[in-house]
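*Asks:* Dock chain B against the given chain A, drawing on the hints supplied.
Protein chains in written order, with the UniProt record's numbering: chain A, 1 to 154; chain B, 1 to 658.
Hints are computed from structural coordinates only; laboratory data are not their basis.
Some hints here could point you the wrong way.
[As the list claims (entries may be wrong)] As a list, the in silico DSS-like pairs of lysine-lysine whose alpha-carbon atoms are at most 30 Å apart:
1) B:K377 / A:K53
2) B:K415 / A:K6
3) B:K268 / B:K484
[Claimed, not checked] Footprint (simulated), chain A over chain B, 3 or more residues, beta carbon under 8 Å:
4) 381 to 388
5) 391 to 402
6) 575 to 589
7) 594 to 600
[Claimed, not checked] Going by beta-carbon spacing under 10 Å, a handful of chain A positions derived as facing chain B:
8) A22
9) M25
10) V26
11) F37
12) K59
13) E73
14) E74
15) L96
16) P98
17) L100
Every residue, glycine too, gets a C-beta built ideally from N, C-alpha and C.
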Amino acid sequence: MNPRRKSRLTGVLAIMLLVAGAIYMVLSALSENMDMFLTPSEVIQGKNGTVPKQGQRLKVGGMVIPGTVTRDEESLKVAFSLTDTGPVVRVEYEGLLPDLFREGQGIVVTGTLAAADLVIADEVLAKHDEEYMPPELAEKMKGIKHVKPQDATY
Amino acid sequence: MLAELGHFSLALAFLMAVALAIYPMWGVQRASQTMMALARPLATGMFLFTAIAYGALTWAFVSNDFTLSYVASNSNSALPVYYRVTAVWGGHEGSFLLWVFVLSCWTVAVARFSRAMPQPMVARVLAILGLIAASFYLYVLTASNPFERLLPFYPVDGRDLNPLLQDIGMIMHPPMLYMGYVGFSVVFALAIAALINGRLDAAWARWARPWTLAAWVFLTIGIMLGSWWAYYELGWGGWWFWDPVENASFMPWLAGTALLHSLAVTEKRKLFKSWTVLLAIAAFSLSLLGTFLVRSGVIVSVHAFASDPTRGLFILGILAVTIGGSLLLFALRAAGLRSLANYQPVSREVMLMGNNLFLSAATLVVLLGTLLPLVHKELGLGSISIGAPFFNQMFSYLIGPFVALLAIGPLSRWKNQSLLALRGQIITGLLIAAVGSLLINWQYSGIEAWALVGTLLALWIGVSTVQEIVSRHGDGQAGMQSLKRLTPSHWGMVLGHIGFAVTLMGIALTSHYSVEKDVRMAVGERTELAGYQFEFNGVTSLQGPNYRGQQALVDIYQDGEHIAHLRAEKRFYQVQRNMMTEAAIDGGFTRDLYVALGEQLSNGDWGLRLYVKPFVRWIWAGALLMALGGIMSMLDKRYRLAQAKTNAPVEQLQGQTV
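Just chain A, with the same shape it has in the complex (with noise of 0.2 Å):
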């Protein structure tokens, strides 16, 4: 092997190496970052056979049930539930909540699984958008009539 072929082999190796080491790092955060997004149902009765195991972070999309709103007296602890019209999952949160958090409203929490139908949120967003709900349950939800503009009588 001459010298020149030796130095482009090094040089072809090197960027190889290069590559596969990116895309190792790339796919170990993405594996790491990844949050489940699940509806209500899913959490309690598993997605694609799968329940979700305590402890695991992932994102919920869903409706607070009206009603299930309590509030602690001392701090800014407060509590809700979650549904998809299934079963209900209970979410705690410390924190302000958004403008947009009402009963009735499709929101989404980040949080972990603490038991088997229990979230510790540690994000609650809910869109800035009346008729927001998160496409999943949307689709969840069909039967709920949409109107458009142009057809709304005001």
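*Replies:* What follows is chain B alone, placed relative to chain A:
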């Protein structure tokens, strides 16, 4: 009546765009001067008729014409006039009208400021812009018509503009962003024209650079405004959420930044030609992708406005044709774009190539993180979400080597550079940066490793920028003299890099040393946070034009001294029945104090969110410096010199380029 006029002139603009897409291109093929000469008037006509359409819609908003479905859904008679003017782009239909309007502005700008370009080139570039415009006019006219009437049953009043958009940041953000997005269409058109032409030389790069810089400056300011708006308007105190909508604007920015640097090499050294063309295609394709992601509703985002899934397919079609067509053309013609110059493994060329690799890698990371959830779901594998930690982790890996190239690149020479010769400067730079970084981080309790690294990198960029000026122009008195002789484009680079360092510094410090606290407070109560005492002094009521609300009075003390009086608002917009938080911020050079009002709790206490955010303003200040750098670069004389020189011998140039 005016709305019909608007609709009609939009249709005329569409016809002009079609003509613009066909005639000049055909003219180049037939070498017909008259057909090529049609390009400029057609571009002007397209702009004028779009402006009329845009004016008509604006007038419908100002005059509260609720017979228009779009006005009725996005405005209200109680809305202040300035918000009615900006409500034009508050929804889907109007924002697309703004899109085509901005495109017609860029087209007419190219027609006006392209005297230096040979006529066939102008004809081709304008024709490609016309083709892009025609497809979007078709979309607006068939699928997203803002002039639709609600007759005979129209509402007496409108549904009001989304309260989130009733804000100064939102007045400016979308037009700036669109100017940036759509601005990349110019360099895209130039790249496609060069591919068709089969010639790409330094003159081409000199035409492309100011246009790319202009688009990049707008995009930088647009993203900065969006981030600033999210910071004070969403009430979460965050400045970047890695939300798909933000990512959609960040990807073209990354690709555009890479393009700027690659173009510099193409101009100075006639290298990286096909790579430059590929980046130009990528930057515009990513802008289109951004439009598609934001406007079609395919992606779950907490702040995607005005989305409509049923119409997404049309944009997806435009996107597919643009990417597919241009890449096909690239595959066929790129082999002709030869780069001839030589360079050694350690040289400025290679450093810039590295910069491009890292920026492209960053673009890919953002693209992956944004699209993977979508692909995952379409494959039937269930819904996932990729959160901020993924992006943060990936960008922390990328930033170190990227900054190293940024610091060493400008110091090194074209063609060949001995690393040994730079050793002194690199070691000095790193040492100064390390000491500075330790001193800055010392002030905060519990020093964070990543903050230390971030500030070190930012300071290193600063030091090496100074070293670069000194090494080229000498120091001391002579240095001050030669500072004046620095060309505007050199100043552009200096400001751009310093701006990046300032932003990086802000990000490193605010991400790691921000203190946040959600508290429950009774009137008169005090809370301590990072050395500041926040005193809650009750809530008063508030009445605005289209909202009512409450205002929390908070006084902030430091070491017993009163330093700020803040009024954090919670507004209730009556028409949309929406609650909105208006955070109160005491801005400062080294820290922001931030208060947002939550709800009233059962026993009369209030929920409050308090933040102390060090150096957060630096993030946006740095972005402004970068934009300023871009403007400086654009002002460089050589872009105009080239015009004066090439004005006369038109015939001769045509002979060369056809």
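*Asks:* Confirm or reject each hint.
*Replies:* Status of the hints after comparison with the structure:
1. Distance check on the hinted pair: K377 of chain B and K53 of chain A sit about 21 Å apart at the alpha-carbon level, within 30 Å; holds.
2. The hinted pair formed by K415 of chain B and K6 of chain A meets the criterion: a straight-line CA distance of about 23 Å does not exceed 30 Å.
3. Straight-line distance between C-alpha atoms of K268 of chain B and K484 of chain B comes to about 22 Å, which keeps the hinted pair within the 30 Å bound.
4. Counting residues of the stretch 381 to 388 of chain B whose beta-carbon sits less than 8 Å from any beta-carbon of chain A gives 6, enough to reach three: the coverage restraint holds.
5. Counting residues of the stretch 391 to 402 of chain B whose CB lies closer than 8 Å to any CB of chain A gives 3, so the stated coverage by that chain holds, three being the minimum.
6. Only residues whose beta carbon comes within less than 8 Å of a beta carbon in chain A count, and the stretch 575 to 589 of chain B has 6; three or more means the coverage holds.
7. Coverage of the stretch 594 to 600 of chain B by chain A holds in this model, with 3 residues showing a Cβ closer than 8 Å to a Cβ of that chain against a need of three.
8. Taking 10 Å as the C-beta contact cut-off toward chain B, the hint placing A22 of chain A at the interface holds, the least distance being around 7 Å.
9. Annotation: M25 of chain A was flagged as interfacial toward chain B, and the flag holds, the nearest CB pair being 6 Å apart, inside 10 Å.
10. Interface restraint check for V26 of chain A: the shortest CB-CB distance to chain B comes to about 7 Å, inside 10 Å, so the restraint holds.
11. The interface hint given for F37 of chain A holds, since its Cβ lies 4 Å from the closest Cβ of chain B, which is under the 10 Å cut-off.
12. Given the 10 Å rule on beta carbons, the hint for K59 of chain A holds: about 5 Å separates it from the nearest Cβ of chain B.
13. Residue-level restraint check for E73 of chain A holds (minimum Cβ-Cβ distance to chain B is 6 Å; threshold 10 Å).
14. Given hint, E74 of chain A at the interface with chain B, holds; its Cβ is 7 Å from that chain's nearest Cβ, closer than 10 Å.
15. Contact between L96 of chain A and chain B, as hinted, is supported at the beta carbon level, the nearest pair being about 4 Å apart and thus within 10 Å.
16. Satisfaction of the interface hint for P98 of chain A is found here, the shortest Cβ-Cβ separation to chain B being roughly 8 Å, below the 10 Å cut-off.
17. Hint status for L100 of chain A relative to chain B: holds, with the closest Cβ pair at about 7 Å, below 10 Å.
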